[in-house]
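Residue numbers (the UniProt record's numbering), protein chains in the order written: chain A, 1 to 336; chain B, 1 to 326.
There's no promise every hint is true.
As the list claims (entries may be wrong) - Taking lysine-lysine pairs in the BS3-like style, the calculated list, with each CA pair at most 27 Å apart, reads:
hint, chain 1, residue 1, chain 2, residue 2
1, A, LYS131, B, LYS84
2, B, LYS84, A, LYS62
3, A, LYS150, B, LYS84
4, B, LYS228, A, LYS131
5, B, LYS230, A, LYS150
6, A, LYS69, B, LYS84
7, A, LYS125, B, LYS84
8, A, LYS199, B, LYS230
These are calculated hints, taken from the structure and not from any lab test.
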Amino acid sequence: MALLDVEDLSVTFARRGQRTVRAVDGVSFSVDAGEVVGLVGESGCGKSVTSLAIMGLLPRQKGVHIGGKASFDGTDLLQLDARSMRDVRGRDVAMIFQDPLSSLNPVVPLGIQVTEVLQRHRGMKGEAAAKEAAALLDRVGIPDPRRRLKEFPHQLSGGMRQRALIAMAVACRPRLLIADEPTTALDVTIQAQILELLKELVRESGTALVMITHDLGVVAGMCDTINVLYAGRVIETARRRPLFAEPHHPYTVGLLGSVPRLDAGRGERLTPIPGSVRDVLPWPDGCAFAPRCHRRVDACVGEPPELVLTHTGHSYRCVNPVTGPVAPARAQEEQA
Amino acid sequence: MSGVATPGRKKAEKIDRLAELSAAHDDERGVSLWQEAFRRLRRNPAAITGAAILMLFVLVAVFGPFLVPYATTDTIGVREGLVKSGQGIIPGSSADHWLGFDHQGRDEFSRLVVGARQTLLVGVVSTLVGLAVGALIGGIAGAAAGIGGRWGRWIDTTLMRIVDMLLALPSLLLAVSIAALLGASLVTVMIAVGMISVPVFARLLRGSMIAQAGSDYVLAATALGVRKSKIALTHIVPNSLAPVIVQATLTLATAIIEAAALSFLGLGNPDSAVPEWGVMLADAQPYLGTRPALAIYPAVAIIITALGFTLLGEAMREALDPKLRK
Ligand SMILES: Nc1ncnc2c1ncn2[C@@H]1O[C@H](COP(=O)(O)OP(=O)(O)O)[C@@H](O)[C@H]1O
Ligand SMILES: [Mg+2]
Chain A
1 MALLDVEDLS VTFARRGQRT VRAVDGVSFS VDAGEVVGLV GESGCGKSVT
51 SLAIMGLLPR QKGVHIGGKA SFDGTDLLQL DARSMRDVRG RDVAMIFQDP
101 LSSLNPVVPL GIQVTEVLQR HRGMKGEAAA KEAAALLDRV GIPDPRRRLK
151 EFPHQLSGGM RQRALIAMAV ACRPRLLIAD EPTTALDVTI QAQILELLKE
201 LVRESGTALV MITHDLGVVA GMCDTINVLY AGRVIETARR RPLFAEPHHP
251 YTVGLLGSVP RLDAGRGERL TPIPGSVRDV LPWPDGCAFA PRCHRRVDAC
301 VGEPPELVLT HTGHSYRCVN PVTGPVAPAR AQEEQA
Chain B
1 MSGVATPGRK KAEKIDRLAE LSAAHDDERG VSLWQEAFRR LRRNPAAITG
51 AAILMLFVLV AVFGPFLVPY ATTDTIGVRE GLVKSGQGII PGSSADHWLG
101 FDHQGRDEFS RLVVGARQTL LVGVVSTLVG LAVGALIGGI AGAAAGIGGR
151 WGRWIDTTLM RIVDMLLALP SLLLAVSIAA LLGASLVTVM IAVGMISVPV
201 FARLLRGSMI AQAGSDYVLA ATALGVRKSK IALTHIVPNS LAPVIVQATL
251 TLATAIIEAA ALSFLGLGNP DSAVPEWGVM LADAQPYLGT RPALAIYPAV
301 AIIITALGFT LLGEAMREAL DPKLRK
């Protein structure tokens, strides 16, 4: 059984006087213990809402409706009461957010924020907690951790802040870590380091990682399995190699075409996907990607495309899939 | 490019890491948020002016009573036959008496200087009263709203209804009613003036707590399983204090004016041995035609002091505004 099994997750936001938003519309994916799984899609496709729903962090109020299941180690996180969910968060499942600056409290020294989680889940206090906090910062590559613990977030660089947040997230050795675009707010040079750090931590500790990103380049280097999201639904799932070598959904092919390649010839142009995420068809009426799709056929409209499962374990939702390898220059080659 | 192995990668990483470190160290080392705000305050002429006024005011309030040339109860003008207020004879400035005499023949300058202490005392204490009560109510309401649930919402709504009722009353009317209830005294003035600012502090703290509750770092702490009560205390409250402190500075200005108004209405300290700017203003009323300066001196003192607090408060608001902070 998978460590995390998300089944038919849906989240709708209803506001009085506004159209109901189906931010997540039947997302299913699973994560095995120790596995790195990518959740990829353009901004607005529901990646953050998916992760917040799993973490139980969406506001519990009228108008926010969550459906489906998110089984973690056999228990449905969506059914847990608030108290039990608080025990799970930070201890079994942790999360890293996009903006490291705003994710840290600006007026509280780093040390207090790091020891908070140690105190909460591991009952550590005083010198023991301070020692462990310093060890954690050291583990994520923050030099001079004792001094850093006394500093305020704005005294750290962006990369250091994200390292600190990662330290807090892995403080209790959670079995699952969700990283929601952890490098998007960082400089390009720092991005690679943070990804490397995450990769290392995950390898060492056996933590499963859900890597959320809009950037296929990010998942290329680290994910075992990749789920491509479109308009709140997973439209293609595959292991890393087959996904890059032989993508089936035209949207995935489009995403691959949108990745800037260093080895692309000078004259080669990027091929962006035409239109924008706003040009969607509601899933019940057909394929949401149809309005932007160059391979659209009549069968695309009318009813949602069925999930097709190939013999290699590759699955996609498309009635007119791309077959055969895409242009070899485009297939991502990456280190194992 | 990420994830692509290149020979120089490890080296580049090392350099990047160094760059990252030195970038953070350049001018930010050891600078806390408040220090940064303070640095910006120092560059603001309005803040400097306000601070200078307040410094002078505090110095006068603290040391003035030891330095004044005449006792505030000494009716020296009458004794020396210079003042006959019944006939409207109240001499003005002279070499011995810089601001002349008041209607009872006391040295006006000495009374003005000693009055600063009373004014500062009333202003500070009444602001603290308002701050303490207001922050307590606002803090409870804000925490209750954040914790939510049926009880949380009920507590929040009830407290805020009470606060709104207080806010709806004209402030001076409120103060006068309280003063009338408690009888004229210095403590009465402090409580009455303090009560006026309770709703402002309560609403402000609650509002900024609710705003902070929706912030990213609260979400991040929640994602780590930190308990709501802990989040409220270690995260939300400290971040909500800046606007409250700014408001306290601004409130000092209005508190001084309101305290003077209450004294003017005769609700302040009945003991006229202790000079107070509001009382001095009231005492000058019958002599507005003959010696308006007696009203002008305390009035100007009140206005300048209030101006000092307002200038500094506004400048602090600007310096601490996260939207203006880069
Ligand atoms: N609290 C909310 N209320 C209403 N709509 C929301 C809310 N949060 C997210 N959405 C909508 O849900 C969709 C998915 O958002 P999100 O998950 O943040 O996308 P992303 O994939 O970029 O992380 C967006 O269209 C967004 O406008
Ligand atoms: Mg997002």
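Against the structure, the hints:
no. : hint                  : result
1   : LYS131(A) x LYS84(B)  : violated, 79 Å
2   : LYS84(B) x LYS62(A)   : violated, 77 Å
3   : LYS150(A) x LYS84(B)  : violated, 69 Å
4   : LYS228(B) x LYS131(A) : holds, 25 Å
5   : LYS230(B) x LYS150(A) : holds, 20 Å
6   : LYS69(A) x LYS84(B)   : violated, 93 Å
7   : LYS125(A) x LYS84(B)  : violated, 75 Å
8   : LYS199(A) x LYS230(B) : violated, 32 Å
The structure fails to meet hints 1, 2, 3, 6, 7 and 8 from the earlier list, while all remaining hints are met.
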